[in-house]
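A.B. asks: Protein chains in written order, with my numbering: chain E, 394 to 620; chain Z, 16 to 256.
Certain hints may be false.
Facing chain E, according to a computed beta carbon distance under 7 angstroms, are these residues of chain Z, among others [said to hold, decoys possible]:
no.: 1; residue: Gly94
no.: 2; residue: Asp105
no.: 3; residue: Phe120
It should be emphasised that the hints constitute simulated quantities derived from the structure, not laboratory data.
On a predicted model such as this, the values are computed, not experimentally measured, just so you know.
In this text, a Cβ means the ideal position worked out from N, Cα and C, and glycines have one as well.
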Amino acid sequence: MTSVLRAAWLIARKDLRVEARNREIAYTTLFFAMACVLVFAFAFVVEGQPLADAAAGILWVAVTFSGTLALGRAFERERQSETLRALLLAPVERAAVYLGKLFSLLVLMIGVETITVPVIGVLFGAPLWRAPWLLASLVAAGTIGFAGVGTLFAAMLVRAQSRDVLLPVLLYPIVVPVIIAGVRGTAAIFAAEPDFAVAQSWLAMLIFFDAVFVTLALWVFGPVMSE
Amino acid sequence: MPSGPDFEIVEAREASRHFGRRRALARVNLRCRTGEIVGLFGPNGAGKSTLLGLFSTLLRPSSGEVRFGDRPAAALGDGVRRQIGLLGHDLFLYADLTAWENLEFFGRLYGSSGAALAQSIDAALTAARLQDRANDRVAGFSRGLRQRLALERALLHRPRLVLLDEPFTGLDDEAAAALAARLRALRDTGAIVVMATHDFESADQLVDRAVCLSEGRAREIPDGGGTLRERYRQSLREPSS
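Next comes chain E alone, as it looks inside the complex (with noise of 0.2 angstroms):
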């Protein structure tokens, strides 16, 4: 165990290393981030009143929209050297690979999302501070998530050529659960009356989900990449 969580250790601190010289992925998942809400806002902000729960679900669809781009970048970046051919050469398990993978992007996803939801929260009048440990703790099971099942989705399709289409065709089916979850959860949370135990629910789903999709995924991987 030890020694798989020092090998995704490895990989992620290579992954934050390699985006801290070039921020490629920082850059552009925050340029489309901050796209989609401004877009939104322009949409869904009439004479400063926003329509209801928009700012729960333009969170989500910001968040999922910029994953998706960011997954498909990092396993890009893998794909140019075959390094990830290097990186399952190794003597370390499946496992570690995955991980390492799933680490650094949820540092950037999240990191993104820091700056995104306060934007959000200023377009749109959401209140982020009613509620800011249960709205984080959505947001970042959420984010894991998305990311644990989108990470093994885009490592196994890193040597398909339509890679770039497939990837969303086939991970948001399987992450709609995801979605409704943080999206009602969050709504939950903004209400005009806030109902902080559905949100507290939406958040055992979220958790639920995200025990069992890593998990599966940590179980997976290995096999799935061997070929």
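Knowing the structure of chain E, use the given hints to seat chain Z on it.
C.D. replies: Leaving out everything else, chain Z in the frame of chain E:
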């Protein structure tokens, strides 16, 4: 560095490999021993890279098996990969990392750390004649410099089995001679070197045994008169058994 399960022979037994309907290898038998350099030759698409993929454990045979010593690859687990070094046609280097950082990353992934790793990296950079480029990003390297660094990356953990796919690509005469000397030194220290190449001139004085792959089948290129290229062409003309 920690060592994995050791072996003195690597062997493909009746190994076939299909990609969908396409047959890349058909019942290949090849046994490579410690202290020898085996050259794999053949036209494009003959299955050379696929055979290296089977030996590297990155691919599994569709039928037949690959054995390391007296045990099949599947029985040896992840540890056997510690004894394998692969230089692919793609170089497995991160362009945005420096030469040092690339070697450090892969060295740590193979279980090395601290002063021992630093010494190994210094030695590798010296062997690649890249000491003065250690802190330069690989993105700025020419193909030849990348090739030299990639070779050292593959050898950093001192593998028993060294698999090389077109190792002379992009190398100038001096670098090609240095590579040949390096491979002879590896052979003399007991490594098993399997090399796929189209460079007959560089390989002629280097390989101990030559194998021709054609249409997924393997056959030995016999020793004897003529250059390696002539013997290879003769081998291609002979009907398959």
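A.B. asks: For each hint, tell me whether it holds in the structure or not.
C.D. replies: To see whether the hints hold, each was checked on the structure:
Hint on glycine 94/Z holds. Least Cβ distance to chain E is approximately 6 angstroms, under the 7 angstroms limit. A least Cβ separation of about 4 angstroms between aspartate 105/Z and chain E falls short of the 7 angstroms threshold, and the interface hint therefore holds. Given the 7 angstroms rule on beta carbons, the hint for phenylalanine 120/Z holds: about 5 angstroms separates it from the nearest Cβ of chain E.
In the structure shown, no violation is registered for any of the earlier numbered hints.
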